[in-house]
Amino acid sequence: MIEFEAIDGQFAAFLQKLAGGADPVLQSAAALVSLRTREGHTCVELNSGLDRECLLSPDCPESPVQWIDALAKSPVVGEPGEHRPLILDQAGRLYLHRYYEDQALTAKKILAWSVPDPAYTDQDRLAQELDRLFAPLPNNETDWQKAAAATAVLRKLSVISGGPGTGKTTIAARIIRLLLSLAGDRPPSIAITAPTGKAAARLLESLGRELSRLGVPPGMEDAIPKRAKTIHRLMGARFNSSRFIHNADNPINADILIVDEASMVELSLMARLMEALPDHGKLILLGDKDQLASVGPGSVMGDICSGPGSQSFSPEWARVLAKATRQAIPSENGLALMADGIVHLVKNYRFAKDSGIGELADCVVRGDAAGAAASLESGGEIIYEAVNNPRTLPALLEEPLREGFSPFISAQNPAQALEAFGGFRVLCGVRQGPWGMNSANSLVEDIFARDGLILLQNYPWYEKRPVVVNRNDAEMNLFNGDHGVYMDGKAVFPGLQEELRHYARSMLPAHDTAFAMTVHKSQGSEFESVLLILPGENSPVLTRELLYTAVTRTRSRLRIVGAMASFKKAVLSPTRRPSGLQDALWKS
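Position one of the sequence shown corresponds to residue 1 (full-length UniProt numbering), numbered consecutively onward.
Hints were generated in silico from the structure; no laboratory data involved. One should not assume that every hint holds.
[Claimed, not checked] Here are the computed lysine-lysine pairs in the DSS-like style, where the Cα-Cα straight-line distance is at most 25 angstroms:
| hint | residue 1 | residue 2 |
| --- | --- | --- |
| 1 | K464 | K490 |
| 2 | K323 | K347 |
| 3 | K108 | K464 |
Could you put the whole structure together from the sequences, leaning on the hints where they help?
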């Protein structure tokens with residue numbers, strides 16, 4: 001169902017005024033573009049047809065061709081390259097001007113970087129270093145981690161996609177080790193980043209642990225990244241501005257940039273990041289193409305990884321990879337430039353073959369509703385509670401919530417509390433309503449208040465209140481997704497170097513209580529145990545990507561609560577975000 005908001009109508013009225021008078025087609029198209037952008041799409045595909053309910057006037061035509069012809073004549077609608085509020089491309093996609101420009105810039109940069117890196121051409125030396133880092137797999141199995149590492153060294157842009165447990169951060173450490181081994185006398189400048197502070201901290205911790213195990217070439221110790229920044233921190237976010245310190249005229253000071261959790265990066269931020277890369281640099285994107293797309297408009301990681309075929313390369317590049325990795329590499333004629341820089345990691349090192357969580361995640365990705373439902377009955381690390389009436393949730397969840405959060409509530413200081421908080425989390429598909437995040441947070445508070453373990457007299461600022469930041473605040477050095485705890489009169493957040501940062505509560509940007517969080521907000525985080533509350537069957541957020549993201553946030557235990565109809569609907573409902581980026585990358 002189409003649900004326009006006031007801002008959509010105001011935008012449509014503004015464009016009609018700019019155009020010089022009432023125009024029913026422009027009115028409906030402008031309102032729809034505004035709505036779809038808020039929903040995360042970068043454009044409206046007019047050729048796909050428009051439901052009558054999205055039309056704000058009965059005078060609108062029904063034929064897509066008539067729509068496109070009418071809009072093409074409007075003075076506020078331009079062709080690609082023109083400076084008009086709306087852009088209509090040749091495929092009948094209608095964009096807000098800024099998102100078309102961001103898409104065009106991103107595609108241009110990605111294609112320009114989809115080439116071999118001239119700084120790394122010694123394939124024989126690379127093959128020797130790869131053999132030191134990767135032991136042969138049994139039965140002549142192709143080692144895609146090895147292929148991913150070789151790709152990252154040999155190309156200016158590499159994209160490594162894989163689910164949790166496939167070794168993306170392990171690969172990142174080995175890539176850094178390779179690049180330092182091959183650097184010669186001048187070590188490269190390496191920067192590592194992620195969309196959220198939590199993801200950046202996890203990346204730095206994982207890299208440090210793995211590089212300590214691997215060892216670093218003599219004289220290269222100073223080249224190891226000592227800090228991981230969020231993308232906003234790396235780019236130099238400006239207070240109360242969408243502009244960054246680093247841009248095309250002032251590039252990021254790094255020869256090599258590694259971006260983790262790339263699926264979370266929205267189109268506009270990716271455009272700014274691409275724009276700020278130095279011409280001589282190397283970009284390595286790590287992410288999971290099956291995870292939820294970014295909160296903001298676009299699905300850049302998904303569009304990059306959506307080309308024809310999977311795990312196949314041009315014959316020329318397959319020969320290069322085969323020589324470097326000493327293993328057979330599949331090839332295919334007629335692939336786009338993009339294909340040679342993308343590697344999918346398929347072997348899971350976290351979940352055993354008989355793991356219920358791993359099996360469930362695989363079934364969800366494949367859209368196998370029957371198999372996914374069967375996985376819920378596997379026992380062991382998965383518990384499924386069939387609940388159709390949300391009024392039964394408080395009694396059903398009281399003990400699991402008390403058990404899950406007790407280590408956090410019993411912590412004696414902020415450092416202990418923040419460490420314990422990563423052990424368990426409630427994830428919800430929605431914020432509001434009986435199945436939502438706010439209700440779950442209230443339920444946890446009620447449980448521990450009745451137990452006498454938290455005092456709600458100063459609500460919401462009670463001792464041990466966990467908080468999650470919802471809005472970037474460069475001045476406070478707090479960013480969307482950062483987690484903290486309120487103790488001893490201060491909101492305490494972890495730094496990226498294990499230090500603690502203390503803030504007066506009045507200094508915090510927009511935030512929420514964080515016993516429960518939305519699945520979207522959980523991206524970039526991992527927990528030992530997760531309790532997932534599914535929304536009702538009619539909720540529009542029930543998608544395959546939402547369920548997969550929630551399932552893969554846990555390392556060991558998963559409890560799912562909700563109706564089976566909701567569960568199966570999610571498995572059978574893949575998300576699709578209209579975009580011209582896929583065509584720009586794969587049909588060029």
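Verification of the supplied hints:
no. : hint          : verdict
1   : K464 <-> K490 : 10 angstroms, holds
2   : K323 <-> K347 : 22 angstroms, holds
3   : K108 <-> K464 : 48 angstroms, violated
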